[in-house]
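> Given the sequences, and given the hints that come with them, work out the whole structure.
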Amino acid sequence: MMWQAVSEVPKYSLIPLFCGSFLVAFPAILISAVLGIGCAIYLAEIASPRTREILKPTLELLGGIPSVVIGFMMLSLLATTVQHLFHTKFRLNAFVGSLGVSLAVLPLVITLAEDALRAVPRELRDASYALGASKWQTIWATVIPAAVSGISAAVILGFGRALGETMIVVLATGNAALVTGNIFSSVRTMTATIAAELGAVDQGSEHYYALFLVGAILFTLTFLLNLISEIVLNRMRHQLRM
Amino acid sequence: MSGSLTITVPDLKIKESRWGEILLEALVRLFALAPLCALAFILVKIFQNGHKAISLEFLTQPPIEGMTQGGIFPCVFGTLVVTILMIAMALPLGVGSAIYLVEYAGEGFLFRIIRAAVNNLAGVPSIVFGLFGVGFFVLFVGRNIDHVLQTGLLFGQPCLLWAAATLSVLVLPVIIVSTEEALNAVPQSQRAASLALGATKWQTIRDVVLPQARGGILTGAILSISRGAGETAPILFTGCAYFLPRLPLVKLFGVFPMVNPFDQFMELSYHIFIMATQSTDAEKTLPIQYGTTLVLITLTFLLNLVAILLRVHFRQKLGQVSLQ
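Protein chains in written order, with the numbering used here: chain A, 1 to 242; chain B, 243 to 566.
One or more hints might be untrue.
[Unchecked claim] DSS-like mimics (lysine-lysine), calculated; alpha carbons at most 27 angstroms apart, straight line:
#1 Lys56(A) x Lys559(B)
#2 Lys559(B) x Lys443(B)
#3 Lys443(B) x Lys89(A)
#4 Lys294(B) x Lys526(B)
Hints listed in this document are in silico derivations from the structure and should not be mistaken for laboratory results.
Now the structure itself:
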């Protein structure tokens, strides 16, 4: 099980690449989901309109940072800190990559989750308060359950983005195609493989087609995730009769 | 379950506790601070490390000595040219599709298919756009044009034109969605009034709807320029050069200098990428790298800021119109 495209006997196993992609995307979406949903609850339920007016554009600006910049910051600033903190063998590893990727998908998750929370009708909140529930009881037991489809759609879409993120992982994950479950190991994702190798292949060669296959798989995966999130979102729209 | 929503009575298992509430509120406040801190950290660090590299020479001179010294003018030039070409291709196409979707398509099957396609296009990984650019624009379209026109290998290789085309497909959903929003914000009553005065459908769109949607379309265009300027993956293989000793220019009729769309080019975000991965001397190029990053981030930041301000401005204006 190896991806060794440039060697005497080229080997094209996709397993190390899947390993790498998921080892980066899972922790990334985990971090983004926790932070993002928390942030969305704050924006939708707690923040004053004034705070919202400042925070929302800030998120947009964060989302506007080119991913190559985030990757470069991870590589040059955070990688060493992370290595000292966790005493890892590799300076560039899946964890550093996933930190960067989570930063890149965070604005998307927040925006979509907030949209879902704000789509919950006022009447539901009022009813809950009228029954004597406190603010957080209302949020936990009424608002979040009503918005759960929309929030999951946000997380699924975020996961798709995390899988497809390229420049951050090329720069920050070390690019060693290993089959591993260790989050502090160097990995190579599907996206990074294409980015690193397509420039040097002969057109029409086996390697060339292998890279296009990786691209096709990547496209199919993100396409399915987008589709699922769309379906989940439609269900919520239907339920709330929006 | 479909069509109905089960409303749970507030669960008594979640006990009301004053401290719990305060704690939770503090927690989400902290979470909301995280993106702010991340943004501030990135900006401060880039500025700290990059501002020393910025000078007039840095912005106006080409790199020298194996890119360990000199400026980044070719990158700035390349970024500007590729984004201008990109928006020139994407804007007509995107606005046209949005007009079709909002004004003509109705709510039928075709409309839903196109909508789903636009949504999915927005979620396609940027490196897949890069692959698409190579496979479709360079090898399929380019090589076939060469074959038909007998131009040797002019179209069928990575160049400015195909890089811009690839980027334009990438930003298409941004333009379509923002234009759709802008068109939808124009009240139906105005369309009805125009039609009632005898204007045709196209006259109504051209003289009544589009002028009011201008702001939203402009915002979308600026956002997509910012997005396109920052993307690296789609142009990795469709036209970027590691180093070019010349600008992508050609003399038209041997006299007038113009941009040569068939040349390769240097680009800011690509420059950051290659400096980080294939630098000739990592120690020496680090300041240049931070300088380039500062230039790129200033560019995208300003564009985003302008877009946000424009949106606020046009929303207020639209609000006034509907109040009258």
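> Against this structure, judge whether each hint is valid.
Status of each hint after checking the structure:
| no. | hint | verdict |
| --- | --- | --- |
| 1 | Lys56(A) x Lys559(B) | 20 angstroms, holds |
| 2 | Lys559(B) x Lys443(B) | 25 angstroms, holds |
| 3 | Lys443(B) x Lys89(A) | 67 angstroms, violated |
| 4 | Lys294(B) x Lys526(B) | 14 angstroms, holds |
Hint violations for this structure: number 3 only, all remaining hints satisfied.
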